[in-house]
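Trainee: One line per chain: the protein sequences are A and Z, in this order. For reference, each letter of the first sequence is one residue, going 1 to 285 in my numbering. For reference, each letter of the second sequence is one residue, going 1 to 174 in my numbering.
In short, the hints are calculated from the structure, not lab data. These numbers come from a predicted model, not from an experiment. Ideal placement from N, C-alpha and C gives every residue a C-beta, glycine not left out. Treat the hints with care, as some may be off.
Ranges of calculated distance between the beta carbons of each label pair, as one might list FRET restraints [unchecked claim]: (1) Z:Tyr31 / A:Leu84: 53 to 61 angstroms; (2) A:Phe15 / Z:Ile164: 49 to 57 angstroms; (3) A:His65 / Z:Met55: 50 to 58 angstroms; (4) Z:Ile164 / A:Leu63: 35 to 43 angstroms; (5) A:Leu63 / Z:Leu144: 55 to 63 angstroms; (6) Z:Ile28 / A:Gln78: 53 to 61 angstroms; (7) A:Thr71 / Z:Ile26: 50 to 58 angstroms.
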Amino acid sequence: MNNLLDFLRKYHYFFLFILLEVASFALLFYFNNYQGSVWYTSANRVTASIDRFYGDVQTYLNLQHVNRKLTDHNIQLQRQIDVLRERLADLDHDSTETERLVAKSLEGYRLIPAKVISSTLVRRNNYLVIDRGAKDGIRPEMGVVSGGGVVGIVFLTGPNYSLVLPAINARSSISCRIRNHRFFGYLQWDGGSPIEAYVSDIPRYARLKVGEVIETSGYSSIFPPGIFVGRIRAIHNAPDGVTYRLDVTLGTDFGRLRDVTVIATENRAEIDTLRVHALQSEQAI
Amino acid sequence: MLARLLYSTKWFVMLIALQVLVFNHIHIAGYATPLPYVYFLLILPSDTPRSALLMWGFALGFIVDTFTNTPGMAAAALTFIGFIRPALLHFFSPRDKEDNAYLPSATEMRHSSFFGYVLVAVLLHESIFFSLEAFTLYNWQELLINIATSSALTTLIIIAIESIRSSVRTTPKE
């Protein structure tokens, strides 16, 4: 026993050496990334959980700021989507037969492209506003068309903007005819669906079929002849007893109208103008 | 006793500061990293108890490790140096110094023996340190280059520090 104690006393530094080396290696294995790779994951988990707690607290404190930033970002993205979707629609848009025919019948006219910046659909007297005005050479009584067909007639012009009286205004009256027939009448609208109008003043002896094409007559110089207006949807007897009243499905989708073309005519419109003025004075009385 | 502790603490702090602020940022050609803090253990008085040498070594290594993110490596290496220092000193010290306590230095010992003392200690320390760092003999050539270049650089720096120390210490005496 005494020998053992003597041995320990004499060589205690050796045990201290062993102890310290063990401690060093423990440090080495427990904390070093490479050597302690066995423990690396658990150590990492501890660190990660501490980090996450810290992060959670910070996130909570920042929530209000983050929320506002997100909202702003959302609005920005929404706007971007709108712009891109519009561009995509423009690019995807395939020209239809109607558009080609409209384009063909408009050859030789001075055309002013414009964009619809506001429109109404559900009132009795709907109007469109386009982003071209007197400065661009637009005057009242000029015709407005779109890819789908006739849109309406310029009613008033400001320097930069114009008010258009579309076919879906109760005061609108556009001279038109049935394609391949000589009968002509006036396209009118009296509220209701924005894709349905009617043509009055077609004589009863006309042989017409549902689905035939209504086009502009060209009797007034507002529209060149032959521009698509719509198709006959139904044929009724007019209350006056001598004419038909044709329900027409309009070619122009006023709900989605955006790009329009103003037909710049040099001659002043006569017949349609007179009718418009007559209607105006009628309503004024 | 207190003066001794102050002496030790002064060198302890100074060498750690040098290591952390200067030498840790030196990597010549990507291999040679000077680790001159081992100098601290070498210049402790010759009669320092063995356990004190071990404790000093471990403490120094531990602190250096925390600064360099090498936990345990320098501690293990320095504890070992602390363990073998008495034997080393005994081997290199001149015969007439055996009996009385003295501060190991180039002037107290002969220059050549001090140089040998430092070189062997540094070689051992760097070998242990870099072996632990690599922890594999897979790249043994690279490991050898590492040990050799770092040992050479460390020895050079220790000799430089030693010459500064002896000149500072001898100047006031004259």
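Trainee: Could you run down the list of hints and mark each one as holding or not?
Mentor: Do the hints match the structure? See the list:
no., hint, in the structure
1, Z:Tyr31 / A:Leu84: 53 to 61 angstroms, "56 angstroms, holds"
2, A:Phe15 / Z:Ile164: 49 to 57 angstroms, "38 angstroms, violated"
3, A:His65 / Z:Met55: 50 to 58 angstroms, "52 angstroms, holds"
4, Z:Ile164 / A:Leu63: 35 to 43 angstroms, "59 angstroms, violated"
5, A:Leu63 / Z:Leu144: 55 to 63 angstroms, "57 angstroms, holds"
6, Z:Ile28 / A:Gln78: 53 to 61 angstroms, "58 angstroms, holds"
7, A:Thr71 / Z:Ile26: 50 to 58 angstroms, "52 angstroms, holds"
Hint compliance for this structure: hints 2, 4 are broken, all remaining hints hold.
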